[in-house]
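So the sequences go chain by chain: A and B. Counting in numbering that gives the first Met the number 0, the first sequence runs from 0 upward without gaps. Counting in numbering that gives the first Met the number 0, the second sequence runs from 0 upward without gaps.
Treat the hints with caution; some may be incorrect.
Computed Cβ-Cβ distance ranges for the label pairs, DEER-style [to be verified]:
hint, chain 1, residue 1, chain 2, residue 2, range
1, B, 309, A, 151, 50 to 60 angstroms
2, B, 308, A, 105, 27 to 37 angstroms
3, A, 9, B, 247, 32 to 42 angstroms
4, B, 247, A, 151, 48 to 58 angstroms
5, A, 71, B, 63, 36 to 46 angstroms
6, A, 15, B, 247, 23 to 33 angstroms
Just so you have them, the derived chain B footprint on chain A, three or more residues with Cβ under 8 angstroms [to be verified]:
hint, segment
7, 29-39
8, 122-129
For the record, the hints were derived by calculation from the structure and aren't laboratory data. Ideal Cβ placement from N, Cα and C applies to all residues, glycine included.
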Amino acid sequence: MKRRVVLVDDHELFLAGVRSELGGAVDVVGEAASAAEAVPVIKELDPDVVLLDVHLPDGSGDAIINAVAPERPGVRFLALSVSDAAEDVIAVIRAGARGYVTKTISGEELTAAIERVASGDAVFSPRLAGFVLDAFREGERVGGDTELDELTPREREVLQLIARGYMYKEIAARLHLSVKTVESHVSNVLRKLQLSTRHELTRWATQHRLV
Amino acid sequence: MPLPSFALGSDDRVIAGVCAGIAQTLGVDVTLVRLVFALLALAGGAGIVLYLALWLYGRSDRPWWAAVLVLLAGSLLLHAVGLSDRAVAGIALVAGGFALAWRQGGKFSADAPLSYGGLVLAGIGAVLLLEGGGATTTVLAPGAVAGALLLIAGPWLWRLAIERDAERAARIRSEERSEVAARVHDSVLQTLALIQRHAQEPRRVAALARRQERELRGWLYGDRALGDEAGSLEAALSAVAADVEELHGVRVELATAGDSPADDALVLAAREAMTNAAKFAGVDEIDVYAEVTDDAVSVFVRDRGAGFDRDAVPADRRGLTESIDGRLARAGGSATISSAPGQGTEVELRLPRRPS
Chain A
0 MKRRVVLVDD HELFLAGVRS ELGGAVDVVG EAASAAEAVP VIKELDPDVV
50 LLDVHLPDGS GDAIINAVAP ERPGVRFLAL SVSDAAEDVI AVIRAGARGY
100 VTKTISGEEL TAAIERVASG DAVFSPRLAG FVLDAFREGE RVGGDTELDE
150 LTPREREVLQ LIARGYMYKE IAARLHLSVK TVESHVSNVL RKLQLSTRHE
200 LTRWATQHRL V
Chain B
0 MPLPSFALGS DDRVIAGVCA GIAQTLGVDV TLVRLVFALL ALAGGAGIVL
50 YLALWLYGRS DRPWWAAVLV LLAGSLLLHA VGLSDRAVAG IALVAGGFAL
100 AWRQGGKFSA DAPLSYGGLV LAGIGAVLLL EGGGATTTVL APGAVAGALL
150 LIAGPWLWRL AIERDAERAA RIRSEERSEV AARVHDSVLQ TLALIQRHAQ
200 EPRRVAALAR RQERELRGWL YGDRALGDEA GSLEAALSAV AADVEELHGV
250 RVELATAGDS PADDALVLAA REAMTNAAKF AGVDEIDVYA EVTDDAVSVF
300 VRDRGAGFDR DAVPADRRGL TESIDGRLAR AGGSATISSA PGQGTEVELR
350 LPRRPS
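Here chain B stands alone, though its shape is the one from the complex (with noise of 0.2 angstroms):
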């Protein structure tokens, strides 16, 4: 049966981690485990004992100088509790053997000679035990037979422990598989079973195959784009941008130097210029580069496509007035659009920056 692993802690610690490392271990707050070494060191000492011992039991290079120290400070314990030195030294003596015997592998097993060492100094200590006993005993004799107790369950409830933690951990692995399947299969077979259908029409799956891309990554490296800083510039042009490729088929390049808080109209002013590019560009790819100086926000949007004269479009196809122009006039920014027929566009935004 194995001890249970123990690090000192290292970056809570006072002295030499020891406190920091069992409260850690047992999940339990440091100042109780220092209060109760603090009152054990005043019980003869036994607490500073303790203490060495569990530093050599940490740095696990001295775990048998770690078990004699440990079995120390119970004698001085005792000891300042008032039993008499012959008793001390006869619970010393059960409690070694008990540990040396029940070392060999767990249980008092027959084939290990030094299982018998260890019960013979147990029985040694039994009989200094009760033959010196005599007045002091009877006095202490319940603490005593806590302690035979303690001897006993010790190691059964020691075992319960550890079995329950693996059981725990065990639970804990088996949840976190049937999480990783549920997003396996929510996703990625999903996203395999459209392409599949749609194998004959490459724009959309290429759409698919990117948007699951996104997807995955923002799972498994929980992207900036998607979720943890949800309202910065970066991730909201990055969710506009996904929605543009998944709704229009086209990619989208997106480029960014410097991030700021997202400015709803700026967003949506750049999602319209991305619409429009992938709608009237008749291109596969459209770049985009958000820019976050100290006195400006600026998006570009812009596409090898087509291009346009804006002095031809009718005046009834409001998304380039109404959408960009007005949107980002209002909030206080301008839009600049640079376009020819057959020499693609580009929409600048630019948005001051409000002091903050």
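The following block holds chain A by itself, in its conformation from the complex (with noise of 0.2 angstroms):
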């Protein structure tokens, strides 16, 4: 069955380039330009993925996220963007989005990344994965609770050939892993991501730009 997708996002070209790249690949049941507009839209649709734009004329994406998750909480969101700051991706990040991929993304690609999206896994692009090994550095550890706020060593090395540009396939079978469990690796990463409370993670978002 195709996915059912709600696109957000400002910019009438990207909307309609985005719409065709995805093809037939998936079902685009809905669009929406604003904040305004895409909460209503989601909650009706009730679609498997959303992709939204980081920033919007009248918000930014987490505040959908916010308003929308309570309600629909099958519904996952997966964050575009072209050039917004760090501190703005990770902040849709850490209101729940899945993953993160840039706008230039091959329309291959973005299906592929709404694929795993929907079936719950975590969409990291190589400049994601190589921000959240700068930002969970080993031995800078600060209080917090532990487990969230380190990677294990295989995390590591699956983030590692994430940011060095292996696909879950590649990873797979360099680590001798099956896929399932490398998706299991990044989902968690995700989670970290997501509830970690080290201050490295907003200090060096407000450093860096994702894209």
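With the hints in hand, could you dock these two chains into one complex?
Here it is as structure tokens:
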């Protein structure tokens, strides 16, 4: 069955581009150009995945997630961004988005990312992986919940390979793991990224751009 | 006519930030302003009252109280320099009257009743001043004349200053505008023209668009990659990646974790690895990842292209051996190249960090 997708972006040209690139691979059931428009549309259509622009004229993506998530827990969000500050991208991910891709992503990769997010996994771009590795540097632990504030050596390896441009399948082959295991490592990292109280997350994000 | 705006200084305050605010508004040194207030404070406490007045004015919720306090401060000052009570009262009435009249629309308009009231007050003040001046006023006549001149010329000077500020602001705006126009013309419009001309060559169009994107982003956001931290590894790799993209029409995805000062050998070797991938792998995209840890800097250059058998590379093709291996070895690092026909290539460059 095709995934039902809602696109939220205020750039008409970009929406048209994504729509044609996704072709018949997913079912684009709705579109919205602003946060105010998006919330009722998403609530009504209850899609599998929302492709969410990080910045909208009337607010940022995290506000939409916060407004929708309590009522529609099944909806998954994938953040799309052109040139936003890492701070904003991290805010959207911490609000609950299951991944982040740049707008220059190819149609094929975007379709794969939507599929991955729809099935509950996480999507990290190489840059986001680099960010997480940097923010969760070893030996800089600061109080808080240790489990959430540290990456396991395996998670580190997986992220490193993502940053190096490996696909999940290639990572699995290289580390002699199953693709499912790789996916669960990435999902764990996403959870840590969302829940960790490490102050590096915000400090780093304010100093960097992800794209 | 609008009164000049004035905000209490919050960063540099000692009491309520009045001196800091004035210094900022006038663009003078705050110490000088403080000194003036201190001297005025010695003159019968005029400085203290004036400080209070400006504080009220700066809070901008009680401008009338502020005006009254300014008047009081002026009176105290005049009293302190030796004017008789009568003369002080006269001058205060003249000043207050003119202020009242002037406030009604910035000029002495005939249809505002308060203007008349102000003029009448000023008249009474003038009579008081002339009648009761006597011996004391003659001594201080120059001061009184100066005060009168100031009252007359003050509003005019004030307006002049404001007009000058407005002109300057307009000039700055137009300068900024032409800078933006020049920038857009030199970059965006040129690129768009090139794209139209090369519309049939998608790779070239993509490369042009990507280069333009980098430039524009660097300019708009002052990207670290373009200038701010020239000399950092990330900036250097980003510049190299942009070059390779432009020369060979590929996309280079750069990811980093950590940053350090750039090492020339490492950056040049990375450039060579990217160039090789762009030339020989036959792919559209190259992934580059740089990682800085406590003891080493690593750069990974990876493509999913043709791959090759290293033993089959003819000895005269020195690219790999000389530019990558040799260069890094001389710098104390190492290069690992993993590739197999059909499986893509990954070059790992590793350079131990010198203890700094």
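Going through the hints against the structure:
1. 309(B) / 151(A): 50 to 60 angstroms: Check failed, 34 angstroms falls outside 50 to 60 angstroms.
2. 308(B) / 105(A): 27 to 37 angstroms: Given a distance of about 30 angstroms, which is inside 27 to 37 angstroms, the answer is holds.
3. 9(A) / 247(B): 32 to 42 angstroms: 34 angstroms, holds
4. 247(B) / 151(A): 48 to 58 angstroms: Hint violated: Cβ distance 38 angstroms, outside 48 to 58 angstroms.
5. 71(A) / 63(B): 36 to 46 angstroms: This hint is violated: roughly 57 angstroms between Cβ atoms.
6. 15(A) / 247(B): 23 to 33 angstroms: 30 angstroms, holds
7. 29-39: violated (count 0)
8. 122-129: holds (count 5)
Checked against the numbered hints given earlier, this structure breaks hints 1, 4, 5 and 7; the rest are met.
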